[in-house]
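> One-letter residues, chain by chain:
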Amino acid sequence: MSSTPGIPPLTGTVTVDVPVDQAFRVFTDAFGSWWPAEYHIGQADMATAILEPRQGGRWYEQGTDGSECDWGQVLSWEPPHRLVVTWQINGHWQYDPDPAHASEIEVRFTADGPDQTTVELEHRLLERLVDGQALRDGITGGGGWPSLLELFAKTATNQA
Amino acid sequence: MDTNGVAGLGLLGDPTRRAIFELLARRPCTVGELAQELPITRSAVSQHLRVLKDGGLVVSTADGTRRIYRLNPDGVTALRAYLDRVWAEALTAFGKAAQAAPLDPDQEDV
Numbered sequence: 001m002s003s004t005p006g007i008p009p010l011t012g013t014v015t016v017d018v019p020v021d022q023a024f025r026v027f028t029d030a031f032g033s034w035w036p037a038e039y040h041i042g043q044a045d046m047a048t049a050i051l052e053p054r055q056g057g058r059w060y061e062q063g064t065d066g067s068e069c070d071w072g073q074v075l076s077w078e079p080p081h082r083l084v085v086t087w088q089i090n091g092h093w094q095y096d097p098d099p100a101h102a103s104e105i106e107v108r109f110t111a112d113g114p115d116q117t118t119v120e121l122e123h124r125l126l127e128r129l130v131d132g133q134a135l136r137d138g139i140t141g142g143g144g145w146p147s148l149l150e151l152f153a154k155t156a157t158n159q160a
Numbered sequence: 001m002d003t004n005g006v007a008g009l010g011l012l013g014d015p016t017r018r019a020i021f022e023l024l025a026r027r028p029c030t031v032g033e034l035a036q037e038l039p040i041t042r043s044a045v046s047q048h049l050r051v052l053k054d055g056g057l058v059v060s061t062a063d064g065t066r067r068i069y070r071l072n073p074d075g076v077t078a079l080r081a082y083l084d085r086v087w088a089e090a091l092t093a094f095g096k097a098a099q100a101a102p103l104d105p106d107q108e109d110v
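Those protein sequence lines, which keep their order, are chains A and B.
Every letter in the first sequence is one number past the one before it in the numbering used here, and letter 121, counting from 1, is 121.
Every letter in the second sequence is one number past the one before it in the numbering used here, and letter 36, counting from 1, is 36.
Just so you know, these hints were derived from the structure itself, not from any lab.
A portion of the hints provided could be inaccurate.
To be verified - A short, non-exhaustive set of chain B residues, derived as facing chain A with CB atoms under 7 Å: (1) 84; (2) 89; (3) 98.
Stated by the list, open to error - Partial chain B-side listing against chain A, Cβ under 10 Å, derived: (4) 86; (5) 88; (6) 93; (7) 94.
Where is the CB? At the ideal position from N, CA and C, for every residue including glycine.
Please build the complete structure, drawing on both the sequences and the hints.
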């Protein structure tokens, strides 16, 4: 059920001067090599993050203490052109195992030429993350502080 | 894009206030519950909560005789703004990594 009106999806695009199969491989196989390490949910510092290369695969972080925290799972694995994963980290910075609360990220890799690839990302169904939050129960927002978590993230990053 | 953030950053620059904010991000709490988790008195917790409330980061509701504190629940836009920032940074980092990666596909396991 979706008590929250739809939130517009987030989109992002980046063009890289590499072949499409390489772009896909770096995005997936080497995910942990480029993901900004400050964006993680585990108690321990993040050692790496892993995107398992198959439909149904896990997407998770590994802490420096060996602990693991799930982020989501692979819904579609279509190398080298398309990848869909769930993002199940809610506003409490916790993994929400309920599929009804899972947002989705689709990444499309398009060859502009033999050595250039455009990568388009869409993060959608964000309202599902919020539906899972007990935080909202019984309170209607007053439209105040849109960048609350952004501020928090910056602060947390600066203090790291 | 940082211009709106000065006040909030200041509020969360204090380590104790940040700790309170993080605890409330996990679940709504009373002053007593927060004081149990932190090495400070209830009175000190209350003072920090007042600052966070005045800054709009935290709200409170009455539950019988108790007062429950939680993050300002207008979290829809907040979450989206946060993730927008995450992806902007992540895609930039991905672009750099992709350009720097070896061209030979056989190199992937090296």
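> Are the hints correct? Go through all of them and say.
Hints, one by one, checked against the model:
no.	hint	result
1	84	5 Å, holds
2	89	5 Å, holds
3	98	4 Å, holds
4	86	5 Å, holds
5	88	7 Å, holds
6	93	5 Å, holds
7	94	5 Å, holds
Violated hints are absent here; each numbered hint is respected by the structure.
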